[in-house]
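Protein chains in written order, with the numbering used here: chain A, 1 to 298; chain B, 1 to 159.
Hint data in this document are derived by calculation from the structure and do not stem from the laboratory.
There's no promise every hint is true.
Claimed, not checked - Residues on chain A that point at chain B, a partial pick, calculated with CB under 10 Å:
#, residue
1, P16
2, E19
3, N38
4, V109
5, R157
6, M191
7, C193
8, L207
9, R208
10, L209
11, F277
To be verified - List time: in silico DMTMM-like cross-link candidates among lysine to aspartate or glutamate, alpha-carbon distance up to 25 Å:
#, chain 1, residue 1, chain 2, residue 2
12, A, K204, B, E99
13, B, K134, A, D35
14, B, K13, B, E2
15, B, K93, B, E54
16, A, K189, A, D174
17, B, K93, A, E54
18, B, K142, A, E101
19, A, K72, B, E132
20, A, K204, B, E37
The C-beta atom is built at its ideal place from N, Cα and C for all residues, glycine as well.
Now for the letters of each chain:
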Amino acid sequence: MSYALFLGCMIPLRLPYMETAARKVLDLLGVELLDMPNASCCGDPISFQSLDRETWLAIAARNLCIAEEMGKDILTLCSGCYETLKTANVTLKRERPLREEVNRILSEVGREFKGTIEVKNLLEVLQEIGAEKVRSFVTRPLKGLRVATHYGCHLVRPSDVLNFDDPMRPVIFDRFIELTGAESVSYQKKMLCCGAGLRMVDTKKALRLVEMKLGYVEEAGADCMAVLCPYCMLQYDVMQRMVRHRDGGKYNIPVFYYPELLCLSMGVPPEELGLRFHRTSPESVLKKIGLNSPPSIS
Amino acid sequence: MEEMPEELRVLIKEKVYFCYQCGACVGSCPTARAIPEYNPRKMMEGLILGEWREILSGDLIWLCTLCHTCYEVCPQGVGISHIIIELRNLATKEGMAPEGFLDSAKQMAATGYVAPITGAVERTRKQLGLPEIKVIDTGEIKKIMELMRFRSVLEDESG
Ligand code: SF4
Ligand code: SF4
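Generate coordinates for the entire structure from the input sequences, incorporating the hints supplied.
Here is the structure:
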């Protein structure tokens with residue numbers, strides 16, 4: 001099993017520890033990850049789409065062409081990349097005139113969108129491997145750990161294009177959390193956006209959304225949050241630190257990228273993951289699952 | 001901008017007019033939760049009542065997170081998030097896009113990524129046992145932006 005790995009920008013350039021965890025878990029599961037030569041940023045679903053939707057689609061299509069040339073489906077590690085690349089893939093397959101327009105542009109750079117591959121998020125790839133097979137790798141079940149899943153908007157919406165899970169009441173991520181032996185707790189306003197899209201214009205107000213979410217997570221008595229997207233990670237892990245500093249110590253909720261939890265459940269030593277780069281210490285969770293915590297940088 | 005742009009006229013006629021002002025979009029909107037003066041229902045009302053210029057040149061359209069919740073919950077299929085994208089595209093053509101949005105496009109033209117490649121991240125990647133960041137040949141990206149008449153957005157770049 002092999003995929004064209006689409007890394008994007010945020011994970012490799014801002015939160016590379018997320019890449020470490022994803023690569024490790026996929027390696028354990030026997031998935032081969034192939035580099036995409038000259039792939040750029042996906043085209044960012046917020047900034048680029050807002051400035052000019054057609055340019056956004058064309059840049060995404062160029063990235064799709066690279067995987068088409070490799071003859072491989074794309075695996076995205078970031079939900080922003082997932083929305084962009086999947087939207088472009090589905091839309092250009094569906095809408096002929098738009099596809100012709102985009103191909104006219106692409107022909108000038110020697111490429112052509114053919115519509116021969118699929119774009120998958122990490123959970124889809126795990127589904128393809130098979131949940132039972134993934135579970136069979138779990139050697140250190142995260143028994144007793146109460147996890148609040150945050151799906152993130154761009155994984156499930158707009159649903160007519162992404163068609164991955166229910167857009168307002170999704171379940172797939174929760175099942176994958178439970179497969180590690182942890183418990184997925186329900187909490188209020190589970191689908192509330194992390195607010196990353198607001199950061200570009202008003203970071204302070206984006207902070208309000210972070211604070212609200214953390215409040216609901218704490219109220220539910222969760223030990224930690226789990227996310228699937230670097231933007232959500234930045235919001236809840238890094239911005240939580242800001243909330244904490246301003247509120248004098250309120251909220252100390254560790255946040256994990258799902259592959260990190262999977263790695264821990266599969267016996268990967270915590271020091272092999274970049275947990276020390278988290279800005280909200282994961283120590284309480286490691287203790288709860290009986291592991292020593294690596295030294296923190298914060 | 002005197003005349004209503006054609007794209008907007010079509011969108012209002014085919015989508016916005018179906019809004020029956022139920023407010024479901026407002027109830028589920030994260031930005032409305034964080035910023036009370038942001039109200040997608042009122043935005044649709046304004047478009048129906050012909051206040052498109054004020055809306056297009058105002059700050060509010062840039063506060064949407066594009067979470068697409070309104071798109072999913074609207075009983076009338078108005079598709080607000082897509083209308084906001086169209087409004088932002090039009091405002092961009094008029095030179096009204098906020099700095100933060102334009103910055104990422106400039107960064108993209110320069111490096112192919114929207115985040116900068118810093119020495120610090122290179123070091124971190126090494127510590128994490130990750131491969132080096134590949135420098136991208138941005139020729140194709142720049143050409144695509146140019147051909148898409150995206151230059152107006154990148155004026156500073158092209159000089
Ligand atoms: S949910 Fe739809 S119909 Fe209701 S106010 Fe919002 S846009 Fe109008
Ligand atoms: S897409 Fe924008 S307007 Fe719609 S619910 Fe999300 S933030 Fe609100």
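Going down the list of hints, with the structure as the test:
1. P16: Hint holds; P16 of chain A Cβ to chain B Cβ min 5 Å, cut 10 Å.
2. E19: Holds, because the Cβ-Cβ distance from E19 of chain A to chain B comes to roughly 6 Å (cut-off 10 Å).
3. N38: N38 of chain A check passes; min Cβ-Cβ to chain B is 6 Å, inside 10 Å.
4. V109: OK, holds: V109 of chain A within 10 Å of chain B, min 4 Å.
5. R157: Since the shortest Cβ distance to chain B is 4 Å, the answer is holds.
6. M191: holds (7 Å)
7. C193: holds (4 Å)
8. L207: holds (9 Å)
9. R208: Since the shortest Cβ distance to chain B is 4 Å, the answer is holds.
10. L209: holds (5 Å)
11. F277: holds (7 Å)
12. A:K204 x B:E99: holds (17 Å)
13. B:K134 x A:D35: holds (10 Å)
14. B:K13 x B:E2: holds (19 Å)
15. B:K93 x B:E54: The hint holds at about 16 Å.
16. A:K189 x A:D174: Holds, at roughly 15 Å.
17. B:K93 x A:E54: Holds - the C-alpha atoms of E54 of chain A and K93 of chain B are around 13 Å apart, at most 25 Å.
18. B:K142 x A:E101: Distance ~17 Å between K142 of chain B and E101 of chain A Cα, so the pair holds.
19. A:K72 x B:E132: Distance ~23 Å between K72 of chain A and E132 of chain B Cα, so the pair holds.
20. A:K204 x B:E37: holds (15 Å)
Checked against the numbered hints above, the structure violates none of them.
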